[in-house]
Structures are given as C-alpha cells and as structure tokens.
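S.K.: Letter 143 of the sequence shown, counting from 1, is numbered 142 in numbering that gives the first Met the number 0, and no numbers are missing.
Everything labelled a hint here was simulated from the structure, so no lab data went into it.
Certain hints may be false.
To be verified - Label pairs and their computed distance ranges (CB to CB):
#, residue 1, residue 2, range
1, 142, 118, 34 to 44 Å
2, 181, 241, 12 to 22 Å
3, 36, 212, 29 to 39 Å
4, 82, 142, 12 to 22 Å
5, 228, 88, 39 to 49 Å
6, 209, 241, 23 to 33 Å
7, 82, 119, 21 to 31 Å
8, 203, 120, 20 to 30 Å
9, 206, 26, 13 to 23 Å
10, 148, 90, 22 to 32 Å
11, 208, 145, 38 to 48 Å
12, 203, 74, 45 to 55 Å
Backbone N, C-alpha and C fix where the C-beta goes; we use that ideal spot for every residue, glycine too.
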Amino acid sequence: MLGAPLGRFLEISIGTPVIRESLDFYESLGFVQAAVGETWSHPYAVVTDGHLFIGLHGRELPSPSLTFVLPELQLGIGRLKERGVTFENERLGEDVFNQAQLLDPGGLNVMLLEARTFSPPQLDAPIDSACGYFSELGMPTRATDAARVFWESVGFVALEEESQPFPRTPLVSDGLDLALYRTRALRQPVLTFEDSAMAQRLARLRERGLKVSDEMPDTLDESGNGVLVAPEGTRLLLLTAHD
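Using the sequences and the accompanying hints, generate a full structural model.
M.R.: Structure representation (structure tokens):
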C-alpha cells in the first residue's frame, strides 16, 4: 500500500451465520477457497478470485470489515496515533494474537492483525468469476470530506470525484481500492465488480436462477447493472464498465 501505514491488505472480513451456504454461493460464482490457519477459534473460511479475498467468519462481526496485516503491530499503532488515528480497541500481549480495531468517519470497521490468517492459493492467473473484475469496495457516505481526509491519513490516495455513472470519489492504494459513493440508493458498503459485457453476465446469472436486485442508484440501467445479495447479506454491485 502507498505509504503502508495500515500494513498489507489481507481480506474483506464478513460475519457469516452459516458458512457452508456462503461458501456454496461464492464457489458457484467461480471463487475458490484458500487454506486457512488455526488462528481463530471460530469457524473461518476464505474465498478468492485471485484478486479479491473474502474472509467468512462464523461469529458476530461488523460487516464488511477491512482487515490488514501490520507486522510489529504495537509500533505500527504508535505511528498511526502520531497521524491522529484513534483506536476503538487494542489487544496486545505476548500470549494473545495481537490485533487492533479502528473506524472510519462513516463507521466502517478496520482491523489490524500482526500476522496472516490464511495462505493464498497458487493460481496460474486470476479467476474470471461470474461477477467480472473486482474494482473496489464502495462505501456510501454523506461526509465525503471527512472520509477523504481519514483515508488519505492512512495511506490511500484520493482522486477527483467522478460524476458518472453516479458521484464517486476513488481512493486508491497498492493492495485495495476503495471509493466513496455519494448516493442515497445504497445503505451499506458494496463489493463492486465491472465488465464491459456485464449485461451478458447478468443474463447468465438470471438464467441460473440467481436473483438480481435493483437496489442501486437510479442512474444505473438494470439491463446492464445489478446487485447480488450473498446468503450472509453482502451486496455485490455489478456494473457495466465504460471506457
């Protein structure tokens, strides 16, 4: 990540009541499982397309949460505090798995861990999932300026706001891209995927019996855009990419 104050992006973590149902859903879209370690005492699985990693956690968890690995976590926390970052929770010690929690101005949960919790699978190339290319985690917000300042303070680079297909401010980094979505149509963060042929992808998903929702900004035509809802409630926003 640019500047890497949060460390290296690990996964988008999601509280998952029934992991088997969620695994079946993501695997039906072409995602594959990664080998997980024994760090967590709760049920845990990870799915990936080689670019995006989704951690399915069998416990209550603010969802989605962004999880990063920051070695020498206690020192890293000190450096972040010097930048004005405040923490909701810190769990540090020689006999515990070191971790810390913070929130962005919109309430998005960010977790910092001292070590990895899974091993990425060896893939010859990223998987072309049924969703297309994962482009960003979209975060609906009305406090764009405060959110932009926060994410820039932890190493992301904010670009100029784009007006199409709806107002959004990209926040880019080396490991994960985010975007601030200025819209009332979305109530929670979404995993955003793009493809120039998204209309055909959506048609195939509907043919398979998957429900495609229209819970999205009115500027988006539902023939070429849509939302999938995973069993645990995660929203996947599928957009037609434009040059």
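S.K.: Look at each hint and say if it fits the structure.
M.R.: Outcome of the hint check:
The hint said 34 to 44 Å for the Cβ distance between residue 142 and residue 118, and at roughly 37 Å that hint holds. For the pair residue 181 and residue 241, the beta carbons lie near 18 Å from each other, so the given range of 12 to 22 Å is met. Between residue 36 and residue 212 the Cβ separation comes to about 35 Å, which falls inside the hinted range of 29 to 39 Å. The hinted window of 12 to 22 Å between residue 82 and residue 142 holds, with their beta carbons roughly 19 Å apart.
Hint check: residue 228 to residue 88, Cβ distance near 29 Å, so the stated range 39 to 49 Å is violated. At roughly 24 Å, the beta-carbon separation of residue 209 and residue 241 lies within the given 23 to 33 Å, and the hint holds. One distance hint, 21 to 31 Å for the beta-carbon pair residue 82 and residue 119, holds here, with the actual separation near 29 Å. Checking the proposed 20 to 30 Å range against residue 203 and residue 120 shows it holds: the Cβ atoms sit about 25 Å from each other.
Checked against the hint of 13 to 23 Å, the pair residue 206 and residue 26 passes, with Cβ atoms roughly 18 Å apart. The supplied range of 22 to 32 Å is met by residue 148 and residue 90, whose beta-carbon atoms lie about 27 Å from each other. A hinted range of 38 to 48 Å for the beta carbons of residue 208 and residue 145 is consistent with their spacing of about 42 Å. With their beta carbons about 49 Å apart, residue 203 and residue 74 fall inside the hinted range of 45 to 55 Å.
Against the hints set out earlier in the document, a violation occurs for number 5 only.
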